[in-house]
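There are 2 protein chains.
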Amino acid sequence: MTNDLSELNVPYRLLLGPGPSLVHPRVYRAMTAPVIGYLDPVFIQLLDDTQRPLRTVFRTENDFTMAISGTGTAGMEAAIYNVVEPGDTVVVCQNGYFAVRMADMVRRCGGEVVLVEADWGKLIEPERVEAALKDAGRVKVVAIVHGETSTGVLQPLEEISRIAHEHGALLLADAVTSLAGCELRIDDWGIDVCYSGTQKCLSAPPGMAPLTMSAQAMEAVAKRSEPVRSWYVDVSMLQNYWGGGNARAYHHTPPMTMLYALREGLRIVLEEGLETRIVRHLRNARAFWTGVEAMGLTLHVEEKHRLTPLTTVRVPEGIDEMALRQGLLLEHNIEIGRGFGNLEGQVWRIGLMGYGSSEENVFALLYALETQLAKQKFGRDRGAGVAAAARAFAAD
Amino acid sequence: MTNDLSELNVPYRLLLGPGPSLVHPRVYRAMTAPVIGYLDPVFIQLLDDTQRPLRTVFRTENDFTMAISGTGTAGMEAAIYNVVEPGDTVVVCQNGYFAVRMADMVRRCGGEVVLVEADWGKLIEPERVEAALKDAGRVKVVAIVHGETSTGVLQPLEEISRIAHEHGALLLADAVTSLAGCELRIDDWGIDVCYSGTQKCLSAPPGMAPLTMSAQAMEAVAKRSEPVRSWYVDVSMLQNYWGGGNARAYHHTPPMTMLYALREGLRIVLEEGLETRIVRHLRNARAFWTGVEAMGLTLHVEEKHRLTPLTTVRVPEGIDEMALRQGLLLEHNIEIGRGFGNLEGQVWRIGLMGYGSSEENVFALLYALETQLAKQKFGRDRGAGVAAAARAFAAD
Numbered sequence: 590m591t592n593d594l595s596e597l598n599v600p601y602r603l604l605l606g607p608g609p610s611l612v613h614p615r616v617y618r619a620m621t622a623p624v625i626g627y628l629d630p631v632f633i634q635l636l637d638d639t640q641r642p643l644r645t646v647f648r649t650e651n652d653f654t655m656a657i658s659g660t661g662t663a664g665m666e667a668a669i670y671n672v673v674e675p676g677d678t679v680v681v682c683q684n685g686y687f688a689v690r691m692a693d694m695v696r697r698c699g700g701e702v703v704l705v706e707a708d709w710g711k712l713i714e715p716e717r718v719e720a721a722l723k724d725a726g727r728v729k730v731v732a733i734v735h736g737e738t739s740t741g742v743l744q745p746l747e748e749i750s751r752i753a754h755e756h757g758a759l760l761l762a763d764a765v766t767s768l769a770g771c772e773l774r775i776d777d778w779g780i781d782v783c784y785s786g787t788q789k790c791l792s793a794p795p796g797m798a799p800l801t802m803s804a805q806a807m808e809a810v811a812k813r814s815e816p817v818r819s820w821y822v823d824v825s826m827l828q829n830y831w832g833g834g835n836a837r838a839y840h841h842t843p844p845m846t847m848l849y850a851l852r853e854g855l856r857i858v859l860e861e862g863l864e865t866r867i868v869r870h871l872r873n874a875r876a877f878w879t880g881v882e883a884m885g886l887t888l889h890v891e892e893k894h895r896l897t898p899l900t901t902v903r904v905p906e907g908i909d910e911m912a913l914r915q916g917l918l919l920e921h922n923i924e925i926g927r928g929f930g931n932l933e934g935q936v937w938r939i940g941l942m943g944y945g946s947s948e949e950n951v952f953a954l955l956y957a958l959e960t961q962l963a964k965q966k967f968g969r970d971r972g973a974g975v976a977a978a979a980r981a982f983a984a985d
Numbered sequence: 590m591t592n593d594l595s596e597l598n599v600p601y602r603l604l605l606g607p608g609p610s611l612v613h614p615r616v617y618r619a620m621t622a623p624v625i626g627y628l629d630p631v632f633i634q635l636l637d638d639t640q641r642p643l644r645t646v647f648r649t650e651n652d653f654t655m656a657i658s659g660t661g662t663a664g665m666e667a668a669i670y671n672v673v674e675p676g677d678t679v680v681v682c683q684n685g686y687f688a689v690r691m692a693d694m695v696r697r698c699g700g701e702v703v704l705v706e707a708d709w710g711k712l713i714e715p716e717r718v719e720a721a722l723k724d725a726g727r728v729k730v731v732a733i734v735h736g737e738t739s740t741g742v743l744q745p746l747e748e749i750s751r752i753a754h755e756h757g758a759l760l761l762a763d764a765v766t767s768l769a770g771c772e773l774r775i776d777d778w779g780i781d782v783c784y785s786g787t788q789k790c791l792s793a794p795p796g797m798a799p800l801t802m803s804a805q806a807m808e809a810v811a812k813r814s815e816p817v818r819s820w821y822v823d824v825s826m827l828q829n830y831w832g833g834g835n836a837r838a839y840h841h842t843p844p845m846t847m848l849y850a851l852r853e854g855l856r857i858v859l860e861e862g863l864e865t866r867i868v869r870h871l872r873n874a875r876a877f878w879t880g881v882e883a884m885g886l887t888l889h890v891e892e893k894h895r896l897t898p899l900t901t902v903r904v905p906e907g908i909d910e911m912a913l914r915q916g917l918l919l920e921h922n923i924e925i926g927r928g929f930g931n932l933e934g935q936v937w938r939i940g941l942m943g944y945g946s947s948e949e950n951v952f953a954l955l956y957a958l959e960t961q962l963a964k965q966k967f968g969r970d971r972g973a974g975v976a977a978a979a980r981a982f983a984a985d
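These protein sequence lines map, in sequence, to chains A and B. Each residue of the first sequence is one higher than the last, beginning at 590 in my numbering. Each residue of the second sequence is one higher than the last, beginning at 590 in my numbering.
If you are wondering where the hints come from, they were derived from the structure by calculation, not from laboratory data. Keep in mind that this is a model prediction, so the values were computed, not measured. A hint or two may mislead.
A pair holds if it fits inside one copy or across any two, identical chains being indistinguishable in the list.
[Unchecked claim] Distance condition first, Cα-Cα at most 25 Å in a straight line; then the derived DMTMM-like pairs of lysine to aspartate or glutamate: (1) 729 <-> 815; (2) 964 <-> 629; (3) 812 <-> 693; (4) 711 <-> 910; (5) 893 <-> 716.
Throw the hints in and build the complete structure from the sequences for me.
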């Protein structure tokens, strides 16, 4: 048997793309804690330990608040598959890639999709949702993305939640990029199903997907006439393990190491304070926005609707966007993301998330962007971006 | 905001249950490598790097050989969901818990289940499979468990594979506990779909599920008339990322840290050599079997059908099995598993898997078992178990 596998050798990258984001050093350390059994009393305690801060971060009292053993997409699958069954009508608000994915999942559950569409980079207007609900007859779920990672839009949810509930529908929201980086209030806003991922503003590696479901959503699960189409993410079985008191029913072996990472990530959020963390994301994003605009670049989303952890910057006419990203990665060790779907080739996606959202990273990134743009003969005065960001921080 | 989360403090346990098994120290170290982006050229190289040794360990040339971003159950879901669609008939060979789960998943895919049953602890006889195939009409898949973690049976697959193929069916096998611990030959035995987990004989934490599919299985996926019912584990999309050459299509953000762990686990297997590793599992299991029998305990499975990484020991009459497990955990820091399903309360499940399968652990466990049994007034001469194991090793 030949062994051609060399020693694992992974470079450090400053991860300022759409995710995974920079992992907090304490989270790496937490992951070296020994793996123990899924019924070990210590592990059961850690499960309980993790549910409490998850409720805090989601701002919810929902009893069913846990983490799915997969990445954010598994969280989306858990959210949709548990509440949708064949014949259900779901209004999917589609103004970006992740809502396209939602619609695909609804169809795989046998649900009927009613689309409410908007341009990629614009908001979903509540009136359009209301009109769709009036037209569609009985609607089980309204599905929407809170922080659209593909477009950089932060979608207000309160009004749409009110409308959904008036029509007897559950509100399901994707908070993969917004949780612990933006204001998100599950109970106050009446969100019935909400999921996220560990690899964005929680500063842990990808591998678990926080999920919370309201009593109404759990009632809908209990009333299903068919089993959930996925076994792996069936919450009626998962709750017997996560919420099982002393009698924990085996469902699957959870990824202990990822739970340790999530727990440490949550601990760091609580130490900083959720409000402080949200303000930090806003402050760093604003300075970054000021800096890129001073460099002559344009932002894709109107300021009042911008997602602070993820910014979409328009690719200027004549710029080779891939060459710029390659230059950032190979010469500055900085990763940013490309646009995709309807925005392919049109934007860069830049993340200032969790541990990665810092004043220092704003300057590192602006300097590197300016350097790469200058190579392509784009830009005004050198230093315009970093200077503008410095003034923005000073004025803030 | 209150922060009542204490520092993560996880005790070391000698994990000798059905899994998770002991993680190799080098795997813990690999997991501290920095998380990088899923399109980073270094990460793409690591994906390719991991597929090669996976093929070696599975003993296959299958092009589609990768790892699902979830635990072993997600691997089962990927295996079944991709090849089964509504109306398909699946013969499920059911002689333990994991085949019960398989049948449940087949039904959630809209498939019809034909059961071939045997007692928990006995083999599935090929003639019974043949009879079922003759009766059932067109069968798409025969599903079977190679190493049944709930019973401790190692199921021979060659004959059943031949029969399945004669009837135009695919063979799907669960190798969660057998991969890298028992002989398993995907290509020689004609297994079309096979999955495993990282947390058994690969000595990594739970979190990824190796999966391999033959060209025939991939053809069945390509010919589907309906999309796979799970989006998360849809291999037609996953292969565009894992096997996409330079053009990698985004599907979901994979758990980088878990991939590092899997890669390091595979590296360790290749260093030891697969054959040497399999012999080590056999040698340690045999000595353990000799030891427990010398203590007056009975093994649940006939010797020639025993799974070496996982042994089922009968709970003697009058013994409080839970008290024994609690004593092992709290007084010796050793975890073993309870029986469940049809074997609830009847057996203990003891794993000597991967890094955990060592001479030293055999003695640690036999001594601890003897000590706990003596507390419940069971046993012959003290030291009988360890002495018998020592003689067995010497004679081997």
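We went through each hint and held it up to the structure:
no.: 1; hint: 729 <-> 815; verdict: both (15 Å within a copy, 23 Å between copies)
no.: 2; hint: 964 <-> 629; verdict: between (57 Å within a copy, 22 Å between copies)
no.: 3; hint: 812 <-> 693; verdict: both (23 Å within a copy, 19 Å between copies)
no.: 4; hint: 711 <-> 910; verdict: within (23 Å within a copy, 62 Å between copies)
no.: 5; hint: 893 <-> 716; verdict: within (19 Å within a copy, 70 Å between copies)
Consistency with the previously given hints is maintained throughout, with no hint failing.
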